[in-house]
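A.B. asks: Sequences are here, hints too, so could you generate the full structure?
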Amino acid sequence: MSHSLYRSEDVSLVQLYLPTESVRPVMLALGELSTIHFKDLNKDVVTFHRSFVREIRLLDEAERQLRYLHSEIALNSIEIPEHHLPTNYEFTLETTAIEDIIEKISRLELRVRQLVESSRSLNANYLQQMEYSNVLSKVDAFFAKSTNAHNPFDINADSGSMMVGEDDATAPLIENALELGTTGSFNSEDTNARTSVSLDFVTGIIPSVKFQFLERILWRTLRGNLYIYQTRADESVIHGSEDVEEKTVFLVFAHGTQILSRIRRISESLGATLFSVDEDSSIRTGQVQQINGNISDIFAVLENTRSALYTELAFIAGHISSWESILHKDKTVYQAMNLFSYDQNHKCLIAEGWCPTANLPLVQKTLRDVSDLVDSQAPSILNIIRTKETPPTYFRVNKFTEAFQSLIDSYGVATYREVNHGIVAIVTFPFLFAIMFGDLGHGAIMAAVALMFIMNEKSLAAKKDMDEILGMIFYGRYMVLLMGLFSMYVGFIYNDLFSKPMSLFTSRWAWPVKSEDTNARAIQTGTYPIGIDPAWHSADNNLLFMNSYKMKVSVVIGVIHMTYCLFLSLSNYRFFKRKLDIYAVFLPSLIFLEAIFGYLVITIIYKWGVDWKGNDWQPPSLLNMLILMFLSPGKIEEPLFRGQKQLQIILVLAALICIPWLLCAKPYLLWREHRQQEVRYLSVNDSQNVDEEALLDAENEEPQEEGFDFGEIIIHQVIHTIEFCLGCISHTASYLRLWALSLAHNQLSSVLWNMTLANAFQMTGVVGSIFIVILFAFWFIVTCLVLVAMEGTSAMLHSLRLHWVEGMSKHFEGEGYAFTPFTFLQSAAE
Amino acid sequence: MSGYSVLLVGFLTALLCVVFYYFAPKGSNTNTWQMTLILTFSCCYILWAITYLAQLHPLESPTRVLE
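From first to last, the protein sequence lines stand for chains D and C.
The first sequence begins at 1 in the numbering used here and counts up one residue at a time.
The second sequence begins at 1 in the numbering used here and counts up one residue at a time.
Read the hints as simulated data drawn from the structure, not as lab findings.
Check before you lean on any hint, since a few could be wrong.
Subject to a maximum C-alpha distance of 27 angstroms in a straight line, what follows is the list of computed BS3-like cross-link-like pairs (lysine-lysine) [stated by the list, open to error]:
hint, chain 1, residue 1, chain 2, residue 2
1, D, Lys399, D, Lys463
2, D, Lys607, D, Lys635
3, D, Lys347, D, Lys365
4, D, Lys39, D, Lys331
5, C, Lys26, D, Lys458
6, D, Lys399, C, Lys26
C.D. replies: Rendered as structure tokens:
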């Protein structure tokens, strides 16, 4: 029997006996098949006590190391090529020994860490030396200039600004110092003109933003006795460090050891780095040379380290993705192996799992192939077990049905082998969407976008880093295509092309040539063959007709959809051989639904078929008729057909009978069945001494398989009855959203046209042409963004709701659990 | 063009459904093809029929204000 999507597939319970040496190969092969859902045989064992915890921990550690390496590679902007190794298990078995790989990874990680560490410390050292050399050169320049100048304050601006005391007290101080020759450490080259004045100084480098604080604090501390020289540091120092910030070289002159130490402490607290620079220029030159030597040495070592790191990382980058996939596979294998039980006697692992019956031959063949490949002594055995346990629900989907099935599965996982709403949703979802979205032009845009995705699906599927929203559209590309195509059809029926009608056939409404009153009324000449007559589009009372038409479309399609879903439940009852449910649940539900809303649909269609105007009859209001049918049955205000009164009374009675029928029949019949079973048990055990207590116990005892909880059955049935009966009414009204959204879409589209291109077409001349271009761009962008994307999403959501709530509530049980196979394919979530 | 065309097209649609039930593409997806095609034809017919019926004997005529 060929499998279909109508019901979930037949799944059988299998037992695998795997000898220890062939476990890994078999698991690698099974992971590629992705067809076995393993059961947990060690449910009562805590995660930490499972057999393969140690191996998993090792693999976790290796994965962590790989992640670190990955980040380092990314930091150094090395590209990681996709690994093109074949993924089949034969290749994996041949080429890898997992222990070697783990060892190699940890070795490499250690080495990379060392290189990164040393590179970092070297860099810091290098920067510091650069700063030092910078400070030296700047100070050198300052002293050089100052000795050449007669007046220290003549130093021109390009060597930096000078901070002179606000009061000129400092100037005379220095001059005095110069004259008096007080002790200090300022020695001038030119000993002729002045005596040696020694002033101690502190020099260093500080971020420029902090320099102002430094100045101010020093000014306050030294009470104005401040002479500070600052200049911007070189570009090389600024960009050398990680954080690009401006630095300032400063030079503070002061007198007195206490003051100097205070200055030192203040600058260090503000984050300055202080360097010792000698006053003597020859010593300074020596220092400069030494520093330059240091710098070039460090630079060479740093370059070496960096290039070593780069080569190491480049080598790793070539292998990292294949290592990651191998580690992932092994980790998955060990996690699955934790679920198995170990047989001491036969030295093999026993695994239990679910496998779709149709795939069993493939699994057996794979086991045989692996046994041959590995040359193991004992073969791997597959046993099929009969069980009463419920298997998981498995749907065999392809790229077309996948999106629809996942929409339905999001609501709940279907019970094993119940009718799958997904196969119905392939058509009904786009169709209900189209009724809300119906526009030939917008549908065409949607279909074109979907076609573009479909035609490039091979290349797009290979991309790993698709945007989230684009990824979602790509996943549902066939769904969007169907939505677009159905929208084109419905748009053709609604006669809407970007809110404009098409006159493919001649309009069957003739406008009068002349008319007496200002309101011209068209005359009917027939019926437009396919779709809505284009004459309605330009009419003033367009909405009057369209609203009535679309509301009736919604109600008719809604009732048909609900009836169809109800019949799906009949299909379920017949498949599971639940005759009781057919007569106690399905039949009253059907009669209730059809007696009220089926009757409404029939009257709608009947009313359409009668020529009221031609025969000069009064057309009755259907809504009033329905309300009156229930409020005062038997009273007809405006007759629709002969015999209506009797028919309506019968229908009302039928609907009313259905409520207690639905409510009571099933619990009563189940209770009677249970009683009969009990009587049978008792009569088997019947002996002379049966005391009342034993009888009572037997009554309250639950039978082996299912507990008969009468209370729960009654409650369940009450809820179901209320839900169904009230639901009928509310769901039918809920289908009116089909009308509401289609009206909104139509009006929005029409307003957009009138506000943009209609205005543009009214302008003439060159100005008109330019405006047409501009307004067309605006119209097209708003069409695509608002009308197609936004309205499309909204209509899609409403169509989905109609499926989940109105459709699936009529038949869906949803008590299954999903089939999650053991697989190496990483899900989109990872 | 009358109400009978609705019935005629309905009959033709039913015929189409039966034909495609037997001539759906064979393979593992036959059942899916059958359901999809039959549902498509039915839905398209229903919408067309409702639209046609609504315009057979309309109770309203289009009006326009003459300027």
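A.B. asks: Each hint: holds or not?
C.D. replies: Here is what the structure says about each hint:
1. Between lysine 399 of chain D and lysine 463 of chain D the CA atoms are separated by roughly 17 angstroms; this keeps the pair inside 27 angstroms, and the hint holds.
2. Simply put, lysine 607 of chain D and lysine 635 of chain D have alpha-carbon atoms about 19 angstroms apart, close enough for the 27 angstroms limit, and the pair holds.
3. Between the alpha carbons of lysine 347 of chain D and lysine 365 of chain D the distance comes to roughly 23 angstroms, so the proposed pair stays at or under 27 angstroms and holds.
4. With a C-alpha separation of about 18 angstroms, the suggested pair lysine 39 of chain D and lysine 331 of chain D falls inside the 27 angstroms cut-off, and the hint holds.
5. Straight-line distance between C-alpha atoms of lysine 26 of chain C and lysine 458 of chain D comes to about 25 angstroms, which keeps the hinted pair within the 27 angstroms bound.
6. Note on lysine 399 of chain D and lysine 26 of chain C: the hinted pairing holds, with a Cα-Cα distance of about 18 angstroms set against a maximum of 27 angstroms.
When the structure is compared with the earlier hints, no violation turns up for any of them.
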